[in-house]
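K.L.:
Turn these sequences into a full structure, and let the hints guide you.
Okay, here's what each chain looks like letter by letter:
There are 2 protein chains.
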Amino acid sequence: MKKIYEGKTKDVFSLENGNVMLKFKDDCTGKDGVFDPGENSVGLTIEGIGKANLETSVHYFELLKDAGIKTHYVGADVENATMEVLPATVFGHGLEVICRLVATGSFIRRYGEYIEDGTVLDGGYVECTFKNDALGDPLVTGEGLAALGIMTPEMFESMKEQTLKITKIVADDLKSIGLDLWDIKFEFGYNNDEVILIDEIASGNMRVYKDGKIVEPVELTKLILNR
Amino acid sequence: MKKIYEGKTKDVFSLENGNVMLKFKDDCTGKDGVFDPGENSVGLTIEGIGKANLETSVHYFELLKDAGIKTHYVGADVENATMEVLPATVFGHGLEVICRLVATGSFIRRYGEYIEDGTVLDGGYVECTFKNDALGDPLVTGEGLAALGIMTPEMFESMKEQTLKITKIVADDLKSIGLDLWDIKFEFGYNNDEVILIDEIASGNMRVYKDGKIVEPVELTKLILNR
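Chains as they are written, first to last, in UniProt numbering: chain A, 1 to 227; chain B, 1 to 227.
Please keep in mind that the hints were generated in silico from the structure rather than gathered at the bench. Any given hint could turn out to be false.
Pairs of lysine to aspartate or glutamate, EDC-like flavour, derived with a Cα cap of 20 Å [as the list claims (entries may be wrong)]: (1) B:131 <-> A:116; (2) B:168 <-> A:143; (3) A:160 <-> A:137; (4) B:160 <-> A:157; (5) B:160 <-> A:154; (6) A:160 <-> B:26; (7) A:168 <-> B:26; (8) A:185 <-> B:157; (9) A:131 <-> B:26; (10) B:51 <-> B:11; (11) B:185 <-> A:143; (12) A:160 <-> B:143; (13) B:51 <-> B:26; (14) A:168 <-> A:143; (15) A:185 <-> A:55.
Estimated spans, in silico, between C-beta atoms of each pair [to be verified]: (16) A:136 <-> B:70: 51 to 59 Å; (17) A:117 <-> B:216: 40 to 48 Å; (18) A:223 <-> B:3: 55 to 63 Å; (19) B:3 <-> A:123: 40 to 48 Å; (20) B:19 <-> A:193: 47 to 55 Å; (21) A:69 <-> B:149: 36 to 44 Å; (22) A:136 <-> B:41: 18 to 26 Å.
Beta carbons are placed, not taken as given, at the ideal position from N, Cα and C, and that holds for glycine.
P.N.:
So, in structure tokens, the structure goes:
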């Protein structure tokens, strides 16, 4: 087992069967000791958060499997905080796919003159940003991804369609425990001619509200897992 | 004749026949006295540039008319620096549509880690930015324009298709006098259920190169008009 990548919140190892193993760490993105899914740097360490994020991911990847949506998920060893996944090539140097059900955050910072914070985006809105801390994660269009040779228009459409379906499944699950999903961040990869969901689906990747108040990720993880 | 809008480089009047009259001014966008099509504020005044921009616009709007592409252009009175156009509703508070044939400028500032300055973008790349000086003209996707209720996906596709056609006509014309078009900025509007090209097509809206060196707008205008 060889470490092939050391990430902010996960380390990545290659397995002998050709698959890949993700080791979930206890580091979280944030700033000044406050957990913030929108931040790009490690801001704090919370004991046990790696395992909790893995459990959350397993919960959602199993829901997606049940719904017939193929992802990179193969299986997990929660005790050791590891998840076995299909190998996949990331797009560019990392591309984030955001689905927004309610307008907030950077969407409002960009388009606040046209829409109020908290406005419902009917049917959901999908956008992509490149992971680039120095540039503040620049937005990129489907046309831009094609022009840069990163993804064909067909791959972009498939990714967009999957994102809307997956977001609906997560939102419906959260709704069933009284929570409102506002937005969620995914990562996709390329595996055997297919665009599939990769990485994790954890509380640190979503903005969730309960009775009009935001639910912090650590609390959200508890609500999702201890239902 | 009533003034309905005072712009950076043009004033807009309503005509009694229901059309609109644009009065081209001698003010140019730029910074510190240097003409820069990428800038949003008036940086200098050049005597006669209003008329020259109008003449350039007339040249290109006539070429588009010959090619069967409907625009807002009705006619012009070059002596008085005015152009009669169809009335049109702009999208949002002003939306710029950029067609890039060669990657440079803000495209490189955003995506420079993926592409080199000067790379040809095969078939052309179209992107939209909102006019918003304080935010540095934020990029917006077709999905974003739909989510903000500014334009349907069908209108976006029509605008994209027209932009590619119009850019090819301008690029071919420039090519015929030994010039290379790198990128060009348009504005579209909504008129009687149709998305049509509005505003102007002048040297200040394009980046043009000759033998690998950029041609400044004043010189470009001369090359286009005195052929």
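K.L.:
Compare the structure with each hint and give your call.
P.N.:
Outcome of the hint check:
Proximity of residue 131 of chain B to residue 116 of chain A is assessed by CA-CA distance (about 18 Å); at most 20 Å being required, the pair is judged to hold. For the given pair, residue 168 of chain B sits about 18 Å from residue 143 of chain A by alpha-carbon distance, which is consistent with the 20 Å threshold. Of the supplied pair hints, the one linking residue 160 of chain A and residue 137 of chain A holds, its CA atoms being roughly 19 Å apart against a limit of 20 Å. Our distance criterion of 20 Å between C-alpha atoms is met by residue 160 of chain B and residue 157 of chain A, whose separation comes to about 17 Å.
Restraint check for residue 160 of chain B and residue 154 of chain A: the C-alpha separation of about 17 Å stays at or below 20 Å, so the hint holds. Restraint check: the Cα-Cα separation between residue 160 of chain A and residue 26 of chain B comes to about 46 Å, which exceeds 20 Å; the hinted pair is violated. In summary, the hint linking residue 168 of chain A to residue 26 of chain B is not supported, as the alpha carbons are separated by about 54 Å, beyond the 20 Å threshold. For the proposed pair residue 185 of chain A and residue 157 of chain B, the alpha carbon gap of about 26 Å is over 20 Å, so the pair is violated.
The straight-line distance between the Cα atoms of residue 131 of chain A and residue 26 of chain B is roughly 43 Å, outside the 20 Å bound, and the hint therefore fails. Between the alpha carbons of residue 51 of chain B and residue 11 of chain B the distance comes to roughly 13 Å, so the proposed pair stays at or under 20 Å and holds. The hinted pair formed by residue 185 of chain B and residue 143 of chain A meets the criterion: a straight-line CA distance of about 16 Å does not exceed 20 Å. Proposed proximity of residue 160 of chain A and residue 143 of chain B is supported: the alpha carbons are some 10 Å apart, at most 20 Å.
Restraint check for residue 51 of chain B and residue 26 of chain B: the C-alpha separation of about 8 Å stays at or below 20 Å, so the hint holds. Restraint check for residue 168 of chain A and residue 143 of chain A: not satisfied, since their Cα atoms lie roughly 25 Å apart, outside the 20 Å limit. Between residue 185 of chain A and residue 55 of chain A the CA atoms are separated by roughly 18 Å; this keeps the pair inside 20 Å, and the hint holds. The supplied range of 51 to 59 Å is broken by residue 136 of chain A and residue 70 of chain B, whose beta-carbon atoms lie about 39 Å from each other.
Distance hint check for residue 117 of chain A and residue 216 of chain B: the Cβ-Cβ separation is about 43 Å, which falls inside the suggested range of 40 to 48 Å. For the hinted restraint 55 to 63 Å between residue 223 of chain A and residue 3 of chain B, the CB-CB distance of approximately 59 Å keeps it satisfied. A beta carbon spacing of about 41 Å between residue 3 of chain B and residue 123 of chain A agrees with the range 40 to 48 Å that was offered as a hint. Evaluation of the 47 to 55 Å hint for residue 19 of chain B and residue 193 of chain A yields a pass: the beta carbon distance comes to about 54 Å.
The hinted range of 36 to 44 Å is not satisfied by residue 69 of chain A and residue 149 of chain B, whose Cβ atoms lie roughly 30 Å apart. Range check, residue 136 of chain A to residue 41 of chain B: about 23 Å between beta-carbon atoms, so the 18 to 26 Å window is met.
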